[in-house]
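Number of protein chains: 2
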Amino acid sequence: MAQTDFSRLCIHTMTTKPLDICQAADLYAKEGVPAITVWRQALEGKSIPAVKQHLAKAGLRVVSLCRGGFFPAQDGAKRQAAIDDNKKAVDEAAALGAPIIVLVCGAVPGMPLVEARKQIADGIRAVLPYAKSAGVKLSIEPLHPMYAGDRSAVNTMKQANDLCQEIGGPDIGVAVDVYHLWWDPELQGEIARCGKNGWLHAFHICDWRSPTIDLLNDRGLMGEGCIDIPRIRGWVEAAGFHGFNEVEIFSDRLWALDQKDYVKMIKDAYLKHG
Amino acid sequence: MAQTDFSRLCIHTMTTKPLDICQAADLYAKEGVPAITVWRQALEGKSIPAVKQHLAKAGLRVVSLCRGGFFPAQDGAKRQAAIDDNKKAVDEAAALGAPIIVLVCGAVPGMPLVEARKQIADGIRAVLPYAKSAGVKLSIEPLHPMYAGDRSAVNTMKQANDLCQEIGGPDIGVAVDVYHLWWDPELQGEIARCGKNGWLHAFHICDWRSPTIDLLNDRGLMGEGCIDIPRIRGWVEAAGFHGFNEVEIFSDRLWALDQKDYVKMIKDAYLKHG
Chain W
1 MAQTDFSRLC IHTMTTKPLD ICQAADLYAK EGVPAITVWR QALEGKSIPA
51 VKQHLAKAGL RVVSLCRGGF FPAQDGAKRQ AAIDDNKKAV DEAAALGAPI
101 IVLVCGAVPG MPLVEARKQI ADGIRAVLPY AKSAGVKLSI EPLHPMYAGD
151 RSAVNTMKQA NDLCQEIGGP DIGVAVDVYH LWWDPELQGE IARCGKNGWL
201 HAFHICDWRS PTIDLLNDRG LMGEGCIDIP RIRGWVEAAG FHGFNEVEIF
251 SDRLWALDQK DYVKMIKDAY LKHG
Chain V
1 MAQTDFSRLC IHTMTTKPLD ICQAADLYAK EGVPAITVWR QALEGKSIPA
51 VKQHLAKAGL RVVSLCRGGF FPAQDGAKRQ AAIDDNKKAV DEAAALGAPI
101 IVLVCGAVPG MPLVEARKQI ADGIRAVLPY AKSAGVKLSI EPLHPMYAGD
151 RSAVNTMKQA NDLCQEIGGP DIGVAVDVYH LWWDPELQGE IARCGKNGWL
201 HAFHICDWRS PTIDLLNDRG LMGEGCIDIP RIRGWVEAAG FHGFNEVEIF
251 SDRLWALDQK DYVKMIKDAY LKHG
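Order-wise, the sequence lines are chains W and V.
Per the numbering used here, the first sequence runs over residues 1 to 274.
Per the numbering used here, the second sequence runs over residues 1 to 274.
Please note: incorrect hints may appear among the correct ones.
Straight-line C-alpha distance at most 27 Å; calculated DSSO-like pairs for lysine-lysine [unchecked claim]:
#, chain 1, residue 1, chain 2, residue 2
1, V, Lys118, W, Lys118
2, W, Lys158, V, Lys196
3, W, Lys118, W, Lys46
4, W, Lys158, V, Lys30
5, W, Lys158, V, Lys118
6, W, Lys196, V, Lys196
What the simulated footprint calls covered on chain V by chain W, stretch by stretch (three residues with Cβ under 8 Å from a Cβ of chain W suffice, anywhere in the stretch; the number is not a length) [what the hints assert, rightly or not]:
#, stretch
7, 136 to 149
8, 174 to 188
9, 210 to 224
So the derived label-pair ranges between C-beta atoms look like this [as the list claims (entries may be wrong)]:
#, chain 1, residue 1, chain 2, residue 2, range
10, W, Met265, V, Gly135, 53 to 59 Å
11, V, Arg61, W, Met1, 52 to 58 Å
12, W, Ala256, V, Glu186, 57 to 63 Å
13, V, Asn217, W, Cys22, 41 to 47 Å
14, V, Pro211, W, Lys87, 45 to 51 Å
15, V, Ala134, W, Pro18, 40 to 46 Å
If you are wondering where the hints come from, they were derived from the structure by calculation, not from laboratory data.
Ideal Cβ placement from N, Cα and C applies to all residues, glycine included.
Using the sequences and the accompanying hints, generate a full structural model.
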């Protein structure tokens, strides 16, 4: 079913990367977008309490902090550094009032995927109690298999669900992103499983362009590609999720536009195809 | 276990795309490569009996013909045209003495994947009796999920196996390509299932580069990327496959090399990482 209003629309700061976080917040607020997901890059060199105050003044709800993760590494010192950095992300999320941290779990070229997956589970286990005591949840974002070599060895909803089951939710859960998962024939069933167990933390939208000319920064605005977003959103809602629909788009093409025009395009696409 | 000789090495004509098929055949033969997989593009404008004779004189075994498939389409006339073209491919394979045709099953941007998958099954069913009577097998090649939008709606080994089970092997089977499937946590089990049922028709190798800079033509030579080829080959062999290891690489970078040097590099990489 199509969207009829913007009450559940959230935009990621990375979607409007050219804007400073305060500019972005003011623009979203002016356009009637009620929520924001904050990327850690957008906080660099900023006072988090000041940003928090700015977002609150703009009336924006903070949906999540992106991103933690990147747990696997070839040596123990680097794995510990990743754990420390994830704890730092927990501190940032707590300071900002973000209820969840999205995890891009990590992968190392040449490391067997089975080993990377073990190190991911170990890393999450090492951070989870700290996150829990800070009141912050961790959300595994399964990434498209084209990122299995260097960004995430967790590439399907089933794997993310299995991790939640193994580690024990709901403080660990899943961020469902249509870009990464739309192709999976088992998606509907695994989304249902995720929701039934209380692990369904977040829902990200954008589109898959044909052809896609860059593996990282050629995502499409909703409607520009081949993903049936309302159908997948229907599965997510049927699984009990009624949080925000987060627009997360990395696109050299769209970053080159006037970002004020672009946010209007996002709103239009959200109503028609979101 | 590492390869110790070239007795099971096969090269796809597309791997050395700059070469005419007869040049390629002479080069492979000179280098002691015993087998070739022929792409239909390489046959354009050629007499197939003459090519067959050339390959036989060079002492090359023909492993397969690439490629049939591309079944889904928005209207019935186009679907029938695809079926007709696949029957033409069967004629070509029979004329060339290729025992199998590799199928890239097809997808249409905007068509629901469930519908595309149904049309793929229907298309295969429409061609299979014709192929069978010509003594040619059809081999589904599951393609990486990054091709789900426009090249193949069959993206995992499990889906390919399920199709074989539904349609009824072994005249329909599977071509396993490490590039498409290496990331899948269920790969080992599904390869075993495939072999046990007699559906395991072919095995293709190359490597996944990190970063990959082009979705189509940036494959790596074995050893240039993050795929543990000997491990996957071990699974394939444990499943009863003892056919050729087919080197199928699309790479603008490698096509730009002197192809004589490149075939020597392929042989070297095959022994070290194949």
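Pair hint Lys158(W) and Lys30(V), alpha-carbon separation not exceeding 27 Å: With a Cα-Cα distance of about 48 Å, the restraint between Lys158(W) and Lys30(V) is violated, given a limit of 27 Å.
Three-residue Cβ test at 8 Å for the coverage of the stretch 136 to 149 of chain V by chain W: That given contact holds, which follows from 5 residues of the stretch 136 to 149 of chain V lying within Cβ reach (below 8 Å) of chain W.
Lys158(W) paired with Lys118(V) [C-alpha distance capped at 27 Å]: The given pair, whose Cα atoms are some 23 Å apart, holds under the 27 Å limit.
Ala256(W) paired with Glu186(V), Cβ distance criterion 57 to 63 Å: violated (40 Å)
Given hint Lys196(V) paired with Lys158(W) - CA-CA distance at most 27 Å: Given pair Lys158(W), Lys196(V) holds - Cα atoms ~25 Å apart, limit 27 Å.
Cβ separation of Asn217(V) and Cys22(W), checked against the hinted range 41 to 47 Å: holds (42 Å)
Status of the given 45 to 51 Å range, CB of Lys87(W) versus CB of Pro211(V): Cβ of Pro211(V) to Cβ of Lys87(W): about 29 Å, so the range 45 to 51 Å is violated.
Satisfaction of hint between Lys196(V) and Lys196(W), Cα-Cα up to 27 Å: violated (35 Å)
Beta-carbon spacing of Met265(W) to Gly135(V) - inside the hinted bounds 53 to 59 Å or not: Since Met265(W) and Gly135(V) have Cβ atoms about 56 Å apart, the given range 53 to 59 Å holds.
Verdict on chain W covering the stretch 174 to 188 of chain V, where coverage means 3 or more residues with a C-beta closer than 8 Å: holds (count 4)
Whether chain W covers the stretch 210 to 224 of chain V (at least 3 residues having a Cβ closer than 8 Å to its Cβ atoms): Since three or more residues must qualify, the claim that chain W covers the stretch 210 to 224 of chain V holds, with 5 doing so at under 8 Å.
Proposed proximity, Lys118(W) with Lys118(V) (alpha carbon, max 27 Å): Not OK: Lys118(V) and Lys118(W) at ~37 Å, beyond 27 Å, violated.
The structure is inconsistent with the numbered hints 1, 3, 4, 6, 12, 14, 15, although it conforms to all the rest.
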